[in-house]
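One letter stands for each residue in the lines below.
Number of protein chains: 2
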Amino acid sequence: MSAGAQAAPIYPRVALIGLGLIASSMARAMKAEGLAGHIAGHARTAATREAALEIGFCDSIHDTAADAVRDADLVVLAVPVGAMEAVAAEIAPCLKPGATLTDVGSVKQAVVDAVGPHVPQGVHFIPGHPIAGTEHSGPHSGFATLFENRWWLLTPLPGTPTEAVARLRSLCEAMGSNVDLMDPPHHDLVLAVTSHTPHLIAYTMVGVAEHLRRVSNSEIIKYSAGGFRDLTRIAASDPTMWRDVFLTNKEATLDILGRFTEELFALQRAIRIGDGQALFDYFTRTRAIRRGIIEAGQDTAAPDFGRSKGTAA
Amino acid sequence: MSAGAQAAPIYPRVALIGLGLIASSMARAMKAEGLAGHIAGHARTAATREAALEIGFCDSIHDTAADAVRDADLVVLAVPVGAMEAVAAEIAPCLKPGATLTDVGSVKQAVVDAVGPHVPQGVHFIPGHPIAGTEHSGPHSGFATLFENRWWLLTPLPGTPTEAVARLRSLCEAMGSNVDLMDPPHHDLVLAVTSHTPHLIAYTMVGVAEHLRRVSNSEIIKYSAGGFRDLTRIAASDPTMWRDVFLTNKEATLDILGRFTEELFALQRAIRIGDGQALFDYFTRTRAIRRGIIEAGQDTAAPDFGRSKGTAA
Chain A
52 MSAGAQAAPI
62 YPRVALIGLG
72 LIASSMARAM
82 KAEGLAGHIA
92 GHARTAATRE
102 AALEIGFCDS
112 IHDTAADAVR
122 DADLVVLAVP
132 VGAMEAVAAE
142 IAPCLKPGAT
152 LTDVGSVKQA
162 VVDAVGPHVP
172 QGVHFIPGHP
182 IAGTEHSGPH
192 SGFATLFENR
202 WWLLTPLPGT
212 PTEAVARLRS
222 LCEAMGSNVD
232 LMDPPHHDLV
242 LAVTSHTPHL
252 IAYTMVGVAE
262 HLRRVSNSEI
272 IKYSAGGFRD
282 LTRIAASDPT
292 MWRDVFLTNK
302 EATLDILGRF
312 TEELFALQRA
322 IRIGDGQALF
332 DYFTRTRAIR
342 RGIIEAGQDT
352 AAPDFGRSKG
362 TAA
Chain B
52 MSAGAQAAPI
62 YPRVALIGLG
72 LIASSMARAM
82 KAEGLAGHIA
92 GHARTAATRE
102 AALEIGFCDS
112 IHDTAADAVR
122 DADLVVLAVP
132 VGAMEAVAAE
142 IAPCLKPGAT
152 LTDVGSVKQA
162 VVDAVGPHVP
172 QGVHFIPGHP
182 IAGTEHSGPH
192 SGFATLFENR
202 WWLLTPLPGT
212 PTEAVARLRS
222 LCEAMGSNVD
232 LMDPPHHDLV
242 LAVTSHTPHL
252 IAYTMVGVAE
262 HLRRVSNSEI
272 IKYSAGGFRD
282 LTRIAASDPT
292 MWRDVFLTNK
302 EATLDILGRF
312 TEELFALQRA
322 IRIGDGQALF
332 DYFTRTRAIR
342 RGIIEAGQDT
352 AAPDFGRSKG
362 TAA
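One line per chain: the protein sequences are A and B, in this order. Be aware that the first sequence starts at 52, since it is given in my numbering, and climbs by one per residue. Be aware that the second sequence starts at 52, since it is given in my numbering, and climbs by one per residue.
Do not take every clue at face value.
Said to hold, decoys possible - Per the computed footprint, the stretches of chain A lying under chain B, defined by three or more beta-carbons under 8 Å from a beta-carbon of chain B, are:
{"no.": "1", "stretch": "93 to 105"}
{"no.": "2", "stretch": "186 to 192"}
{"no.": "3", "stretch": "345 to 354"}
Worth flagging that the hints you see were computed from the coordinates, not collected in a lab. Cβ coordinates follow ideal geometry from the N, Cα and C atoms, glycine included.
One chain only, chain A, in its complex shape (with noise of 0.2 Å):
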């Protein structure tokens, strides 16, 4: 993000529907760099309405969705997939024509299905996903940087206005994220793999130490750093997003969770019957996509993310 002189808004209006930490990132991002003239809001809750309200990221807030779309240029649905359809529903009657419609779900096929029979003619609807994100949630855990160097996947639909996407395009690199497009049922296979599957895996090794009756919590707790910990920041993400993500890319979740079991067979395997060369082969090979991630700025080089206090000599 630049420091420099102000240029006018990309929209003059947006309406951002859902107040978590996604959408309360945009409003502080959009505000830093006066992407949106004016910024109105909506959540489902009263509680996460006043929240909003307090940190003053938005311009108004509106009870209803259907109030907070009103006139909007753009409308962001920032609320969990499986919450998707009954917003668009509701907002669909109120939308502008001309407007452009988008949003920040972590699928897409079940997004297009849901939300863009709802679609007036007129509105420009762009699926829409920022790999961006962190294990907490609300509100509160907004910050204006965290689309800086990050992915932003659009998912337009054949026909879509190509100055619609080239708009919704220079908000979200305003915002300081690079953009790819991607077709819907590609975007979630690709999203299985470096996002859905390695979730999945973290909440199942964090509930079978919890289950686990030989190993005390505490113990658990205290010798955390082998390891464990990393696995249990990513199964602290939010309960009911996940919950949609899992429900709604089914086929490709299962799809990788399959393979995923076969090469932990293979490994387990590997290892009850003591094929070492397998395992050393196995574990060398992996370290080059790390290297790759590091190279193309999506991680930290410093030791265990920085996270130590000491640093190497």
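Fit chain B to the supplied structure of chain A, relying on the hints for placement.
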């Protein structure tokens, strides 16, 4: 660690066999606090010995382990678990009567079985395991504060003099660790949960991503911020060390893996049949363990391990 005047060393002469992440961190921590009068070091490869000489964390570097341990009051085996028996056999005739022999292996019963029979009468063998590390390895990766606020488990055998255990414990504590005593089989079960199985599933998930042909490696790298990149850090750990861990902690790892697969299948079934309540309940319970780890000071509460550039408002 204190910054005040230095007391007498806890051990006049310490020998480190193996000069990777753990031993080089121990050397730096002992030097910083004056805990050892003289630190002798040995590594198997000339390249590591030369690196250690150049960095200067040892007072003397020896071409053989037998040379390094002569006259040492404390000998630390910091080599992969699979290499411990050969080293123990080599150094046994050179160990000073009354000396303490310890190790830093991630598995304890196998080390007891491999090293124990070689330990001469009058030498106190106290197996140990610092639950600390990063994904980096080698003599350059060590730092003096690696052990601060981490647990160091000691698994002394019956009949070990309490003074010898107390002395080793005081060294670990002086390097910043908390110390717990445990019997070797229980250690191996606890670590199978908090470290070994998490590493295996991380290696597996990274392997799955790498083998998948429908998703390119470049896509996996670009969109890794959704959770996957955390697993790649764990899966970047030293392959030799981890091969040996799984070969030598076979039973406990297979036991926990069996439970992991069971739970994973239960969640997979919930996804397949669309049981959202089961998923939501499971994902809610796992949040408590994360809170416990943060409250116990074993991880940072900062979102995303503090890796994100921004701070939450």
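Hints and how they fare:
1. Counting residues of the stretch 93 to 105 of chain A whose beta carbon lies closer than 8 Å to any beta carbon of chain B gives 0, which falls short of the minimum of three for the stated coverage.
2. A stretch counts as covered by a chain when three or more of its residues have a beta carbon under 8 Å from one of that chain; for the stretch 186 to 192 of chain A and chain B the count is 4, and the coverage holds.
3. Counting residues of the stretch 345 to 354 of chain A whose beta carbon lies closer than 8 Å to any beta carbon of chain B gives 5, which meets the minimum of three for the stated coverage.
The structure does not agree with numbered hint 1 stated previously, though it agrees with all others.
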